[in-house]
Amino acid sequence: MKAINTAKIDLNLLVVFEAIYTEGSVTRASARLNLTQPAISHALGRLRVLFGDPLFTRQSHAMVPTPMARSIVEPIATALRALDGTLSRAFSFDPGKAQRTLTLGLPGGEESSFLPPLMKRMLETSCIDLVTVSYDRVQLESRLASGKMDLALDILLPHSTQVLHQPLATEQRVVLARRDHPVVGPGLDLETYLTQQHIHVSSARQGDNLLDTELSRLGMQRRIRLRCQDYLAACRIVAETDLILTMPAELAPEYLSTPYGNQVLPSPADLPLPDMELYLYWHGSADGDPANRWLREQMAQVLKPAVTTAKATRSPSRGRRCAA
Numbered sequence: 001m002k003a004i005n006t007a008k009i010d011l012n013l014l015v016v017f018e019a020i021y022t023e024g025s026v027t028r029a030s031a032r033l034n035l036t037q038p039a040i041s042h043a044l045g046r047l048r049v050l051f052g053d054p055l056f057t058r059q060s061h062a063m064v065p066t067p068m069a070r071s072i073v074e075p076i077a078t079a080l081r082a083l084d085g086t087l088s089r090a091f092s093f094d095p096g097k098a099q100r101t102l103t104l105g106l107p108g109g110e111e112s113s114f115l116p117p118l119m120k121r122m123l124e125t126s127c128i129d130l131v132t133v134s135y136d137r138v139q140l141e142s143r144l145a146s147g148k149m150d151l152a153l154d155i156l157l158p159h160s161t162q163v164l165h166q167p168l169a170t171e172q173r174v175v176l177a178r179r180d181h182p183v184v185g186p187g188l189d190l191e192t193y194l195t196q197q198h199i200h201v202s203s204a205r206q207g208d209n210l211l212d213t214e215l216s217r218l219g220m221q222r223r224i225r226l227r228c229q230d231y232l233a234a235c236r237i238v239a240e241t242d243l244i245l246t247m248p249a250e251l252a253p254e255y256l257s258t259p260y261g262n263q264v265l266p267s268p269a270d271l272p273l274p275d276m277e278l279y280l281y282w283h284g285s286a287d288g289d290p291a292n293r294w295l296r297e298q299m300a301q302v303l304k305p306a307v308t309t310a311k312a313t314r315s316p317s318r319g320r321r322c323a324a
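Letter by letter, the sequence shown follows residues 1 to 324 of the numbering used here.
Just the calculated beta-carbon pair ranges, DEER-fashion: (1) Arg-223 with Tyr-279: 29 to 35 Å; (2) Lys-8 with Leu-87: 20 to 26 Å; (3) Leu-190 with Gln-301: 35 to 41 Å; (4) Gln-162 with Ala-249: 30 to 36 Å; (5) Gln-301 with Pro-272: 29 to 35 Å; (6) Pro-167 with Thr-86: 31 to 37 Å; (7) Pro-290 with Pro-167: 18 to 24 Å.
No lab work stands behind these hints: they were computed from the structure.
For every residue, glycine included, the Cβ atom is placed at its ideal position computed from N, Cα and C.
Turn these sequences into a full structure, and let the hints steer you where they fit.
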């Protein structure tokens, strides 16, 4: 038999071949596949040309397979079953059984905000594993396209039409200072705020953030004495120094301020700091991936207003038991 270029094989022909072999009849094969008998006969003709063999001979009222047909039926049937199983699993996604690892790109500091409730939710409802990574924002699209990240959570960023996005949450900002700070306290105004020394949390090594960009545009500036990547470390430093920290309001009371006794203050009313909108990004090629879609839904549930999250109470759970 001549070599066959699999790229030129019509999958439907193999389905017809397996149906004729199993049913032993063109009539029954056409009924099984809901095709006309002429369509089945035409497909059989193409199969004979493809394999260079009759494949089936008519004897009485039956289609009897040739030795060639008998030699290839099992591999073909196995391949079709495997494909059917793969497609069935893809379209009947069950997070409680799916063995997947998804990678989520995050800017610095956001893990503390929503990762605890997200992970708790995932442990209770799924067997999906999660990896979080930091990334350079200029690589957002390339990382999503290559599969190095399945999703990314960030502020509104420039991107092509190949990257899809949806708004998830709006973050307000508060100011943290130690309880006995000599200057900063209730009624913090912009002048006092600007004269203090600041901590800025970011995963980026350099570059201005939205607040400092806006301050610069208005001819104002603040002194950043420390640029670090972790809000937890920043809050401890605030508790032990006179440095102050501007951070998401959702983080301050529940996760970070209480252990160190820091005071949480509203940002100055005239501070040019608009609420920050967070967006979820994914590549268009992953839009139909049920696991990707499932994680997007979980994140949308978790990133509800902090008041709603804080009031919710649940019984302790050890999580779903998954296969090792």
